[in-house]
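Asker: The sequence shown begins at 91 in the working numbering and counts up one residue at a time.
If you are wondering where the hints come from, they were derived from the structure by calculation, not from laboratory data. Among the hints, erroneous ones may be present.
Cβ-Cβ distance ranges computed for the label pairs, FRET-style [to be verified]:
| # | residue 1 | residue 2 | range |
| --- | --- | --- | --- |
| 1 | Glu-93 | Arg-252 | 28 to 36 angstroms |
| 2 | Asp-122 | Arg-98 | 23 to 31 angstroms |
| 3 | Glu-285 | Ser-152 | 34 to 42 angstroms |
| 4 | Arg-96 | Gly-242 | 22 to 30 angstroms |
| 5 | Arg-262 | Ser-152 | 25 to 33 angstroms |
| 6 | Arg-134 | Arg-98 | 15 to 23 angstroms |
| 7 | Glu-93 | Ala-275 | 31 to 39 angstroms |
| 8 | Ala-207 | Thr-273 | 21 to 29 angstroms |
| 9 | Thr-129 | Thr-205 | 16 to 24 angstroms |
| 10 | Val-126 | Pro-268 | 17 to 25 angstroms |
| 11 | Glu-263 | His-103 | 27 to 35 angstroms |
| 12 | Ser-152 | Thr-205 | 37 to 45 angstroms |
| 13 | Arg-96 | Ala-256 | 22 to 30 angstroms |
| 14 | Glu-271 | Gly-94 | 31 to 39 angstroms |
Owing to the predicted nature of the structure, the values given are computational and were not obtained by experimental measurement. Glycine included, every Cβ here is placed at the ideal spot set by N, Cα and C.
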Amino acid sequence: MAEGLRIRRYDPHDADPVWTLHETALRDAGTDPADVPGTDDLQRIEAAYLDAGGDFLVGLVSGSKVGAGADGPAVGRADGDGDRERRRAPRTDDGALVAMGGFVPSETGHDDERTIAGAAELHRMRVAPTHQRRGYGQALLVALEERAANRGFDVVLATTARRQSAAVAFYREEGYEPVGESTEAGYRLIHFEKEL
Numbered sequence: 091m092a093e094g095l096r097i098r099r100y101d102p103h104d105a106d107p108v109w110t111l112h113e114t115a116l117r118d119a120g121t122d123p124a125d126v127p128g129t130d131d132l133q134r135i136e137a138a139y140l141d142a143g144g145d146f147l148v149g150l151v152s153g154s155k156v157g158a159g160a161d162g163p164a165v166g167r168a169d170g171d172g173d174r175e176r177r178r179a180p181r182t183d184d185g186a187l188v189a190m191g192g193f194v195p196s197e198t199g200h201d202d203e204r205t206i207a208g209a210a211e212l213h214r215m216r217v218a219p220t221h222q223r224r225g226y227g228q229a230l231l232v233a234l235e236e237r238a239a240n241r242g243f244d245v246v247l248a249t250t251a252r253r254q255s256a257a258v259a260f261y262r263e264e265g266y267e268p269v270g271e272s273t274e275a276g277y278r279l280i281h282f283e284k285e286l
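Please build the complete structure, drawing on both the sequences and the hints.
Answerer: Pasting the structure below:
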């Protein structure tokens, strides 16, 4: 799986497509992006991830791998006016952005999450709704885990809302163990860990 996916480090030219993918993926999962606290990290990826000892990766496809989800008809949920929400994978300078995610040292992560010495904390794992179930999320996660291990991290932390059932199943399938739950801004969160 993950055929045609190219993963590279975030570039400042990716800022708008990254924000678009963030909003589109959350809406598709039934979450209003405006209700999610602490997303200012996506407005300052270089400082929040790259300069903080972490990393942020984007997954791109181009040419025939883009498919109808990026260049063809838009698909999606009906909004209040009955129009279809546009869910195309956003374009970057070098392809369609279909996956993204990053990690930071847990000591510099979000205040509402755990702090464990030597751990990397995953953030903003997203796959374009039009490109899910193709192995792109798994390929991105493997790349992030490899980069974290190469930087000396021995544990990876992940947190997702309980209502994001696909994300909960994804982390379990990828060997992440649930280690606790909490509530933040009205969301019931599940905390996961995986030893590298």
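Asker: Just pull the numbers of the violated hints for me, sorted ascending.
Answerer: none
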